[in-house]
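Peer 1: Single-letter residue listing:
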Amino acid sequence: MKKLINAPEAVLADALAGVAAAHSDLRVDFANRIIYRATPKADGKVALISGGGSGHEPLHGGFVGTGMLDAACAGEVFTSPTPDQMQEATKVVDRGAGVLHIVKNYTGDVMNFEMAGELAAAESGVEVATIVTNDDVAVQDSTWTAGRRGVGVTVLLEKIVGAAAEEGRDLKAVLALAEKVNGSGRSMGMALTSCTVPAAGKPTFDLPDDMMEIGVGIHGEPGRHRVPLAGAHEIAAQLVEPILADLDFTSGPSIVMLNGMGGSPLIELYLMYGEVAKLLEKAGVKVARTLVGNYITSLDMAGCSVTVLKADDEILKLWDAPVVTGGLRWGA
Amino acid sequence: MKKLINAPEAVLADALAGVAAAHSDLRVDFANRIIYRATPKADGKVALISGGGSGHEPLHGGFVGTGMLDAACAGEVFTSPTPDQMQEATKVVDRGAGVLHIVKNYTGDVMNFEMAGELAAAESGVEVATIVTNDDVAVQDSTWTAGRRGVGVTVLLEKIVGAAAEEGRDLKAVLALAEKVNGSGRSMGMALTSCTVPAAGKPTFDLPDDMMEIGVGIHGEPGRHRVPLAGAHEIAAQLVEPILADLDFTSGPSIVMLNGMGGSPLIELYLMYGEVAKLLEKAGVKVARTLVGNYITSLDMAGCSVTVLKADDEILKLWDAPVVTGGLRWGA
Amino acid sequence: MNGTIGLDSLVTWLDAFRTAVTEQRAYLTELDSAIGDADHGANMARGMAAVMEKLETSTPSTADELFKSVGMTLVTSVGGASGPLYGTFFLRMGMTAGAVAEFDGAALAAALRAGLDGIVARGKAEAGDKTMFDALAPALDAFDAALAGGTPIPAAAGVAADAAEAGRDATEPLVARKGRASYLGERSAGHLDPGSASSALLMRTLADVLGSS
Amino acid sequence: MNGTIGLDSLVTWLDAFRTAVTEQRAYLTELDSAIGDADHGANMARGMAAVMEKLETSTPSTADELFKSVGMTLVTSVGGASGPLYGTFFLRMGMTAGAVAEFDGAALAAALRAGLDGIVARGKAEAGDKTMFDALAPALDAFDAALAGGTPIPAAAGVAADAAEAGRDATEPLVARKGRASYLGERSAGHLDPGSASSALLMRTLADVLGSS
Ligand SMILES: Nc1ncnc2c1ncn2[C@@H]1O[C@H](COP(=O)(O)OP(=O)(O)O)[C@@H](O)[C@H]1O
Ligand SMILES: Nc1ncnc2c1ncn2[C@@H]1O[C@H](COP(=O)(O)OP(=O)(O)O)[C@@H](O)[C@H]1O
Ligand SMILES: [Mg+2]
Ligand SMILES: [Mg+2]
Ligand SMILES: [Mg+2]
Ligand SMILES: [Mg+2]
Numbered sequence: 001m002k003k004l005i006n007a008p009e010a011v012l013a014d015a016l017a018g019v020a021a022a023h024s025d026l027r028v029d030f031a032n033r034i035i036y037r038a039t040p041k042a043d044g045k046v047a048l049i050s051g052g053g054s055g056h057e058p059l060h061g062g063f064v065g066t067g068m069l070d071a072a073c074a075g076e077v078f079t080s081p082t083p084d085q086m087q088e089a090t091k092v093v094d095r096g097a098g099v100l101h102i103v104k105n106y107t108g109d110v111m112n113f114e115m116a117g118e119l120a121a122a123e124s125g126v127e128v129a130t131i132v133t134n135d136d137v138a139v140q141d142s143t144w145t146a147g148r149r150g151v152g153v154t155v156l157l158e159k160i161v162g163a164a165a166e167e168g169r170d171l172k173a174v175l176a177l178a179e180k181v182n183g184s185g186r187s188m189g190m191a192l193t194s195c196t197v198p199a200a201g202k203p204t205f206d207l208p209d210d211m212m213e214i215g216v217g218i219h220g221e222p223g224r225h226r227v228p229l230a231g232a233h234e235i236a237a238q239l240v241e242p243i244l245a246d247l248d249f250t251s252g253p254s255i256v257m258l259n260g261m262g263g264s265p266l267i268e269l270y271l272m273y274g275e276v277a278k279l280l281e282k283a284g285v286k287v288a289r290t291l292v293g294n295y296i297t298s299l300d301m302a303g304c305s306v307t308v309l310k311a312d313d314e315i316l317k318l319w320d321a322p323v324v325t326g327g328l329r330w331g332a
Numbered sequence: 001m002k003k004l005i006n007a008p009e010a011v012l013a014d015a016l017a018g019v020a021a022a023h024s025d026l027r028v029d030f031a032n033r034i035i036y037r038a039t040p041k042a043d044g045k046v047a048l049i050s051g052g053g054s055g056h057e058p059l060h061g062g063f064v065g066t067g068m069l070d071a072a073c074a075g076e077v078f079t080s081p082t083p084d085q086m087q088e089a090t091k092v093v094d095r096g097a098g099v100l101h102i103v104k105n106y107t108g109d110v111m112n113f114e115m116a117g118e119l120a121a122a123e124s125g126v127e128v129a130t131i132v133t134n135d136d137v138a139v140q141d142s143t144w145t146a147g148r149r150g151v152g153v154t155v156l157l158e159k160i161v162g163a164a165a166e167e168g169r170d171l172k173a174v175l176a177l178a179e180k181v182n183g184s185g186r187s188m189g190m191a192l193t194s195c196t197v198p199a200a201g202k203p204t205f206d207l208p209d210d211m212m213e214i215g216v217g218i219h220g221e222p223g224r225h226r227v228p229l230a231g232a233h234e235i236a237a238q239l240v241e242p243i244l245a246d247l248d249f250t251s252g253p254s255i256v257m258l259n260g261m262g263g264s265p266l267i268e269l270y271l272m273y274g275e276v277a278k279l280l281e282k283a284g285v286k287v288a289r290t291l292v293g294n295y296i297t298s299l300d301m302a303g304c305s306v307t308v309l310k311a312d313d314e315i316l317k318l319w320d321a322p323v324v325t326g327g328l329r330w331g332a
Numbered sequence: 001m002n003g004t005i006g007l008d009s010l011v012t013w014l015d016a017f018r019t020a021v022t023e024q025r026a027y028l029t030e031l032d033s034a035i036g037d038a039d040h041g042a043n044m045a046r047g048m049a050a051v052m053e054k055l056e057t058s059t060p061s062t063a064d065e066l067f068k069s070v071g072m073t074l075v076t077s078v079g080g081a082s083g084p085l086y087g088t089f090f091l092r093m094g095m096t097a098g099a100v101a102e103f104d105g106a107a108l109a110a111a112l113r114a115g116l117d118g119i120v121a122r123g124k125a126e127a128g129d130k131t132m133f134d135a136l137a138p139a140l141d142a143f144d145a146a147l148a149g150g151t152p153i154p155a156a157a158g159v160a161a162d163a164a165e166a167g168r169d170a171t172e173p174l175v176a177r178k179g180r181a182s183y184l185g186e187r188s189a190g191h192l193d194p195g196s197a198s199s200a201l202l203m204r205t206l207a208d209v210l211g212s213s
Numbered sequence: 001m002n003g004t005i006g007l008d009s010l011v012t013w014l015d016a017f018r019t020a021v022t023e024q025r026a027y028l029t030e031l032d033s034a035i036g037d038a039d040h041g042a043n044m045a046r047g048m049a050a051v052m053e054k055l056e057t058s059t060p061s062t063a064d065e066l067f068k069s070v071g072m073t074l075v076t077s078v079g080g081a082s083g084p085l086y087g088t089f090f091l092r093m094g095m096t097a098g099a100v101a102e103f104d105g106a107a108l109a110a111a112l113r114a115g116l117d118g119i120v121a122r123g124k125a126e127a128g129d130k131t132m133f134d135a136l137a138p139a140l141d142a143f144d145a146a147l148a149g150g151t152p153i154p155a156a157a158g159v160a161a162d163a164a165e166a167g168r169d170a171t172e173p174l175v176a177r178k179g180r181a182s183y184l185g186e187r188s189a190g191h192l193d194p195g196s197a198s199s200a201l202l203m204r205t206l207a208d209v210l211g212s213s
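Protein chains in written order, with full-length UniProt numbering: chain G, 1 to 332; chain R, 1 to 332; chain S, 1 to 213; chain B, 1 to 213.
The hints are simulated quantities; they were obtained by calculation from the structure and are not laboratory data. One or more hints might be untrue.
[As the list claims (entries may be wrong)] What follows is a list of derived Cβ distance ranges for each label pair:
| no. | chain 1 | residue 1 | chain 2 | residue 2 | range |
| --- | --- | --- | --- | --- | --- |
| 1 | G | D320 | R | P228 | 43 to 51 Å |
| 2 | G | E314 | S | E56 | 53 to 61 Å |
| 3 | S | P152 | G | P228 | 54 to 62 Å |
| 4 | S | E56 | G | A7 | 22 to 30 Å |
These numbers were taken from a predicted model, which means no experiment stands behind them. Positions of the beta carbon are idealized from the N, C-alpha and C atoms, including for glycine.
Next comes chain G alone, as it looks inside the complex:
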């Protein structure tokens, strides 16, 4: 295992030290492993927190700041944070208007946030609402299973709903918007290689040189299918088709993210976006806004994912609103 780390056990603490050193507009609670805005938002505004296992950077810590999250709780690599972290963050960020918990749909994340919500309500009386994102079309949806994973839409949702909270909408309205955004987005991912979890010390799975995984999430888990390696054009089709088959995106504008898994260089991500854009155009999807880059990653995995979000004037306006975070920044 070749990594820029001191020791597998120290990865999270050491990385948080780097975040604190790099960003004077953030404050890091090392004991609880929470990243806050250094300047909290105004009283009476709904606060947003998210959290999850580490290894997906910039998600979530890179999205803390004006116009997006108020705090992010960091778990160990690929392991959801614990309820006490979310409870603490909830208490600290609450400005009297309640707190939205943004949770990616994974059993661990859901259960830990659930316990956090119970504790926060019981102990401090903070009103908590929860949105569980579940946009990954690689997973067959069913009430009998863990359901779809939360992936790329989480990034777009944190931006859009963060802007709405900054505007001063109340918790009910913020939650409703979050539900609308989550319901309007779909994602699909693929991997050329596995990633290596520092504590495991070796790649999570072996992938022969001539194969790729289609339908991977963001935890280095094997995908839904293993298929022969193909060209970018064919890969794009394998990502875009299941997304378009799952939801109609032709009725209005869309926001599209071509996301890198962490180990693929930007030149390849742009190349992939070119292929995706061609397919979307052919399918009658009008792309109004675009993100290309590493936004929700899986450590050093090579690969990418596509997220398409149905937008409307409200969503586009919120998308364009100022945001000042390590991972997304514009308008200010």
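Fit chains R, S and B with the ligands to the supplied structure of chain G, relying on the hints for placement.
Peer 2: Showing chains R, S and B with the ligands alone in chain G's frame:
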């Protein structure tokens, strides 16, 4: 070789198609492989162009936009662009106030830009000034050799000098500032793995699991020394020490970039920045501004580089000025 | 050992479980690599290390204090799916045990059963979903049946551990319907569930500790 | 072959060079991987493919037109260090050749010498810097000497090619002082310079074409 591409020969053209599709505020000349601002800057302002081999993204195309470059010429992967590209870009971006060529010090880049300058001056009478960046302390400086490579300082220079050109400074002043910035910055890089050039199809060099390369540039070239793999703290020392030994950074504020080579995940880059920050503080270097991320890369190479730039009030003001590009964006 | 189990035996059990998950850490992570995210070994080892560290500084005098402390420590140190699940298991064990300093067989069985119910309440797992439930449920059924048939506690715990291991092995052909492995669909078949493997260790260490004390 | 070389032979030479760098593409890139950036094979193959494509659409009738076209095509299609260097080489050959349709030995030697001077003007390489200069310079010296000694052109070209290959081989122990390989310092020793290898192919194909026509 596992890459998100269609064919090695098509990488550059396909990636440019993705850039054009993703950024409506950019215009791509596919025949000449030049990325321009869609809206040219005002008459009477100095224009900045840069260019170089592809595979270093976001450099340079990702730095075209308000407050930074006016155009970027893309060469084949790791191969400098040709003089006709730079000549064409020079003609197109000139607003009557002359054009600064920003060239990284590599024999190929220097010679191709030199020929372009000769052609541009002879044919269209555009006044051209050239800054050749050469900040890489891994290379022993000497007038008898190709001299130091241009690496990380190029990013900071494009931002700072871009802001000055946007302000309306004349070509002489812009060139003087560029020389000042180049003279005030130093960089040092390392690699955990080689990268793979698409046309070569396999890693440029083999690096055993327990070794790393210290003093690499950004072309997947082997470094200056091959040493046993070490922890992040020790790696940071091996990068920071030669930088501080080469130039005194204690007299004022500094801008520091912890740059990823393309294949290292952001969590590791932040971790490394934490280690670098500790060493800089110990050495009495006051860090006023920070960048952590992939800014000047070497395809899928795992590794990082450190750049330290002596700043002053003028440089910090220009650094903070608005910039709207794919790779750097703030203040607007 | 006679018909009752003291607090010290329970602590010995927890310590043995810590040792087991620490020793089997790579194995548990290996199982989780195949159908999950390669952290189950690290999660369990980290959690049980925290538990034993906590117990060194504060020595509870009743079973409810002990298990509440174990449960809270797991909840606040593990994360992932296994943190809340094992955490809830011990929290519920404690609630059911009450402020006693020793268990008889029936009380231990009731506490374990309450723990399992807690796992189900949290995670909604059913038999055959390919989770830790598939090791724990048959184990507790076997424990109850053995005690009802008059088997002494140590032997009953051995029967329970055998059942847990059989349950763990039976997860291999299953297609997961809960947890991370469910994302793999049919590809999850052919692998043991990592959580069922750690649960089998939990039951085996219980049998070992009761049998040898 | 008699004492003069026609345009068709020169085109045959360029075509043979194209074939050589295309066939040796992986080898040239391999050499460039060791002490450079792994693109020399791709660069030369791309450039010479562009050259021959250009010559198919426009057939120059004089040596200066021919070499100017070759040089400009290389300059505008290769990039890197080798593009301007080989480009300048052919541009200067053309300037020196003038509007002739055939060369005698002395004219060919003069044109090649002018090309080499162009490389030096562009790249400032000196003997022993571990560049293409180290193959070309001894090759042209040998060519001049052979012609001066009365050796017929084909045989003189063979002597030149031998010298180019010897020059190429002699780059192996050198520590590079120019180009990308210079960044490696002492580590550049022990490897052939890729540009000297492509230059040796340039001289060998010239000898082959002249010898067989
Ligand atoms: N809903 C559930 N109910 C019961 N057990 C579950 C459930 N979901 C997951 N598990 C158990 O948790 C184990 C995985 O734990 P772990 O790897 O530590 O967490 P994570 O899946 O969050 O990485 C699985 O092997 C399975 O036994
Ligand atoms: N200053 C120079 N003078 C002469 N030849 C040079 C010089 N610099 C580099 N070269 C030659 O160019 C070759 C490298 O060409 P190539 O790999 O195509 O370009 P790049 O180095 O830009 O990747 C070297 O092997 C060397 O022979
Ligand atoms: Mg996990
Ligand atoms: Mg090159
Ligand atoms: Mg797991
Ligand atoms: Mg090269």
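Peer 1: Can you tell me whether the CB distance of E314(G) to E56(S) sits inside 53 to 61 Å?
Peer 2: 56 Å, holds
Peer 1: Look at the Cβ atoms of E56(S) and A7(G) and judge whether their distance stays inside 22 to 30 Å.
Peer 2: At 23 Å between Cβs, range holds.
Peer 1: Has the hinted range 54 to 62 Å been met by the Cβ atoms of P152(S) and P228(G)?
Peer 2: About 59 Å separates the Cβ atoms of P152(S) and P228(G), which means 54 to 62 Å holds.
Peer 1: Would you say the C-beta atoms of D320(G) and P228(R) sit inside 43 to 51 Å of each other?
Peer 2: 50 Å, holds
Hint check: no violations occur; every hint is consistent with the structure.
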